[in-house]
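Enquirer: Given these sequences and hints, build the entire structure.
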Amino acid sequence: MKLCYNPSIFNSLLQNINPVTIDSDDLGILIGDEHASIEIIKVCNPYCWPCAKAHPDLEEIVKKNKDVSVRIIFTSTGDEHDAKTAPVQHLLAIQEKYGRSKVNEALDAWYMSPNKDYITFASKYPMNGELKLQRDKIVAMRKWCDDMKIRANPTVFINGKELPDHYSIKDLINFF
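Residues -10 to 165 (this note's numbering) are what the sequence shown spells out, left to right.
One or more of the hints may lead you astray.
[As the list claims (entries may be wrong)] Restricting the straight-line Cα-Cα distance to at most 27 Å, the calculated cross-link-like pairs of lysine-lysine (DSSO-like) are: (1) K86 <-> K132; (2) K121 <-> K132; (3) K53 <-> K150; (4) K132 <-> K150; (5) K121 <-> K86; (6) K53 <-> K159; (7) K53 <-> K91; (8) K113 <-> K42; (9) K113 <-> K86; (10) K159 <-> K105; (11) K52 <-> K91; (12) K55 <-> K138; (13) K52 <-> K86; (14) K53 <-> K42; (15) K86 <-> K105; (16) K91 <-> K55; (17) K138 <-> K159; (18) K42 <-> K52.
Derived from the structure by calculation, the hints contain no laboratory data.
Expert: Rendered as structure tokens:
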């Protein structure tokens, strides 16, 4: 197990993975410095429990290392009948209207809640017409997910390379 936490082995495994070939800039929600040299992309469903469980670990990494950022890309379709659309719209609207600090607070509120109840969440962060303005962003994220053939939640990329098998998000704390 100690070999797994060897940064040289971890980085070597990362280098042998095919890179992300589709630009993810301007997609989703960014936590941390947009100019950080290390970007972790977490692709997730807002109702996914493993995604929620990963949130505090990734947040801790960003707090401990200012040169790491996390980009959250959601798998929602943008369709009004897709249950994932409402919370994703809301989070994107919070980011657009209030900025990163408030969206980080909202992400914590959403992910740390044992019950993913959108109505309760939305009442804490009232919006007007901002929600409908998020559809194009959601569709762009979904297209990225489809083009990247994302099939599992969460899927994690580090500087454009998918997290190697046998590593978990929690393991990343050992490297950053």
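Enquirer: For every hint, state whether the structure bears it out.
Expert: Each hint tested on the structure:
1. K86 <-> K132: 24 Å, holds
2. K121 <-> K132: 18 Å, holds
3. K53 <-> K150: At roughly 22 Å apart (the allowed maximum being 27 Å), K150 and K53 satisfy the hint.
4. K132 <-> K150: Holds, at about 19 Å.
5. K121 <-> K86: Holds, because 13 Å separates the two Cα atoms, which is no more than 27 Å.
6. K53 <-> K159: 14 Å, holds
7. K53 <-> K91: Status holds; Cα separation ~20 Å.
8. K113 <-> K42: 22 Å, holds
9. K113 <-> K86: 14 Å, holds
10. K159 <-> K105: 22 Å, holds
11. K52 <-> K91: With a Cα-Cα distance of about 16 Å, the restraint between K52 and K91 holds, given a limit of 27 Å.
12. K55 <-> K138: The hint is violated at about 30 Å.
13. K52 <-> K86: At roughly 23 Å apart (the allowed maximum being 27 Å), K86 and K52 satisfy the hint.
14. K53 <-> K42: 18 Å, holds
15. K86 <-> K105: 22 Å, holds
16. K91 <-> K55: 19 Å, holds
17. K138 <-> K159: Holds - the C-alpha atoms of K159 and K138 are around 24 Å apart, at most 27 Å.
18. K42 <-> K52: With Cα atoms ~17 Å apart, K42 and K52 stay inside 27 Å; holds.
In this structure, the one hint that does not hold is number 12.
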